[in-house]
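Chains as they are written, first to last, in this note's numbering: chain A, 1 to 429; chain B, 1 to 429.
Please note: incorrect hints may appear among the correct ones.
One copy or two, either will do: identical chains are not told apart, so a pair holds if it fits within one copy or between any two.
[To be verified] Dumping the calculated SDA-like pairs for lysine to any residue here, alpha-carbon to alpha-carbon at most 20 Å:
no.	residue 1	residue 2
1	Lys-299	Glu-406
2	Lys-63	Asp-344
3	Lys-412	Pro-293
4	Lys-299	Lys-413
5	Lys-66	Phe-313
6	Lys-64	Phe-313
7	Lys-348	Glu-9
Because the hints were derived from the structure by calculation, they are not lab data.
2 protein chains.
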Amino acid sequence: MKYSGLVGELLEGAAAEIGDVIEVSRGDQAQTGILMPHHDFSADQIVTIKLYNGYNIGIRVDKKTKIKVVSKKESKDQKRQVLPRDANKKDVAVISTGGTIASYVDYRTGAVHPAISAEELVFSVPELLDLCNVRAKVLYSILSENMKVSHWQGLARAVADELNSGAVGVIVPHGTDTLGFTSAALSFMLRNLNGPVVCVGAQRSSDRPSSDAIINLLASTRLCVDSDLAEVVVLMHGETSDSYTLAHRGTKVRKMHSSRRDAFKSINAEPIARIEGSQITFTSEYEKRSRGPVEVKDKIDGRASMLHFYPGFEAEHFDMIAQNVKGVVVAGTGLGHVSEEILDSVRKAVDKGVHVYITTQCLYGSVNLNVYSTGRDMLASGAIPLGDMLPETAYVKLMWAMGQAEEHGDVKKLMLANIAGEFSTRRPV
Amino acid sequence: MKYSGLVGELLEGAAAEIGDVIEVSRGDQAQTGILMPHHDFSADQIVTIKLYNGYNIGIRVDKKTKIKVVSKKESKDQKRQVLPRDANKKDVAVISTGGTIASYVDYRTGAVHPAISAEELVFSVPELLDLCNVRAKVLYSILSENMKVSHWQGLARAVADELNSGAVGVIVPHGTDTLGFTSAALSFMLRNLNGPVVCVGAQRSSDRPSSDAIINLLASTRLCVDSDLAEVVVLMHGETSDSYTLAHRGTKVRKMHSSRRDAFKSINAEPIARIEGSQITFTSEYEKRSRGPVEVKDKIDGRASMLHFYPGFEAEHFDMIAQNVKGVVVAGTGLGHVSEEILDSVRKAVDKGVHVYITTQCLYGSVNLNVYSTGRDMLASGAIPLGDMLPETAYVKLMWAMGQAEEHGDVKKLMLANIAGEFSTRRPV
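Next comes chain A alone, as it looks inside the complex (with noise of 0.2 Å):
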């Protein structure tokens, strides 16, 4: 039953045991799970693990690929905390990916690392219960930088298994680095929702007295209890104190400063809620509960780049990424502008049948290639603007619509519907 092998050296050289959760990936996919007992039957290259939905798969395995410890199975001496459950309230699950907001301090070195067990980010904040019953699972233990496109995948599907099997509402405690392209993703891959599905993150890791985990971990589940809500948002301080907290919608949210506790806003929206204790105020529009179950479209192409424009960008930086892509989201300046020579080589990328979609680095505001002669001719050469959505949600956007239609056009289609809130209803002249 054991593993020999390439399988075996990789296993070795990563300490993982039979029941470990661990992380397999090679290039950009990834996949996480427990790591299950060699099967007599199967090929030497596969490592079989057992995915969070239940499933096992077989992964094959070459000299690309990695494998690390997520962590470590329990030992019998080890006693598992168990939530407790009170029939008179509703479900909330919370499904950890790691970040801050899931993670201790190393006193040795003084550096954050992502903690391992959901069960006890629920106990730091014993609150949660008196509100609801939790349904605590950690999914990945990283830190969002590392998130990649098959995290997504992962959190979209295992967010819908909880919502199709009861919970009132999904709490994404996830690092904040990287937490508007989830969210974004998250957005495009659910539809149909019947709760909310909140991703919330910390500045200050959980045992530092200023910590914004428990408020925002507090919030999230009061939306996921005491609301209609039926959208992804991003939930976080509201201003540097703690007297508020606000949910983003999670297609127009950005990190917006790298350290402060309000650090996340709306883009060219309105945040969706405030909530202050215990009290909800919705502050825009907001889709409602469905009467499910949730769809999954986690189909997605990742054969994309984003690219900011500046002056002294190369034409040949433009022409290799294009080169090695699908579609790129350009993030021009202003009103969505590139110099001449970057619209000579979007003009030969669009005519090589590259999706080229245009938003400005402004972030705030919208494209408008009808105002001067550079955009009349970005237009003409093809590249398509996309109002005021976020580069980052449309970077996220475009690869999901990659996955979802096969035609040029019909990639188009979904690019300029309003699928998820991404381009403002009332939008910036």
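Please arrange chain B on chain A, whose structure you already have, making use of the hints.
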């Protein structure tokens, strides 16, 4: 005296005549000047232009060279508008580069095109002449998305020439798209300033009733005439109405909205001054006029790139770019992070001698590579954090520092020195 061969063909293609202001460009390099007659003793492939500073230079052309007319020479019939001169008033130079502030609307197409005469610009705001004598020049007539590194150099020299020949300040009308890049470049290139250099733009062209051009130009003039400021600043509307304007430090400013008149924001800094009517209120510390002369440090090495990290950013993308440049500015997530894969690429690039500097794509806040394990690994790789410096400013500064210093360590010393207020003195934690 006529040009023949390839030069003749290029000039004919551009309909350029002796006396016209032309731009001769090849790839990322461009020179602008008055087309001079062909000399019999010059080689056939040489075109001669008179630069703004009065020098004639010969430029060798080849098949990749492009020539275009920036402005036609004045015909004898066309009466030159002569700006009045009052010996009791101070001289302010207006060096126009193009953009909306110096543009007109083509009513046939509705598109906005750059205008060609600084005199026209000045006469559209005759109130300027109440405040000072205006020395108006058209240096360039381009949309700012087409600004190149070499334009910054020519502009720096032209500005210094004016300040070193009696102008109390220089106003630089400029397109807003890359205004922040140009202001950063001038901030590093111009040392020992004896007066303000006011980069000014408009979000609405001056023929429109809502134009911000007039108020912005008047406030710029006041700053030149009535203050002891000696820094490069960007001056634009402070709010959407016409009530007041703000002067932002040239290294700390970014276009944060695609269309609003108050699009420019000081990032991680207070604006330097607020101008309301004739009232100038300084809102932060600033450099005062030196006794001159202004020094021009315009050597710049354009072999740099700026890369924004995001989930799905391919290591191959980073490697390709790093192979083709001497320096990379990374706009990382949060406190300055990238994924493990990109970290490997950073390490490889640094090992090969590439300068790698780290900023944050949050824009607000400072990078800090000491908090998380990813950051500590970044530091160990040899990447260098740049505090609260804007990614765009860091990119411009890196090209400038690589132009100023040969040795790796000397470039680093320049990068970490606070040359033009690019680091906030009161750094965010």
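Cross-check of the supplied hints:
Taking the closest pair of Cα atoms, Lys-299 and Glu-406 come within 20 Å of each other only inside a single copy of the chain (11 Å); across copies the shortest separation is 50 Å, beyond that limit. For the identical chains of this complex, Lys-63 and Asp-344 are inter-copy neighbours only, at 17 Å across copies versus 40 Å inside a copy, given an alpha-carbon limit of 20 Å. Taking CA atoms no more than 20 Å apart as the test, Lys-412 paired with Pro-293 passes in neither setting, with 27 Å inside one copy and 57 Å between copies. In this homomeric assembly, Lys-299 and Lys-413 come within 20 Å of each other (Cα to Cα) only inside a single copy, at 17 Å, whereas the closest approach across copies is 48 Å.
When the C-alpha separation of Lys-66 and Phe-313 is checked against a cutoff of 20 Å, the pair qualifies only between copies, where the shortest distance is 18 Å, while the shortest distance within a copy is 35 Å. Taking CA atoms no more than 20 Å apart as the test, Lys-64 paired with Phe-313 passes between copies only; the shortest distance there is 18 Å, against 32 Å inside one copy. Neither within a single protomer nor between protomers do Lys-348 and Glu-9 lie at most 20 Å apart by alpha-carbon distance, with minima of 46 Å and 26 Å respectively.
Comparing the model with each earlier hint shows violations of hints 3, 7; every other hint is respected.
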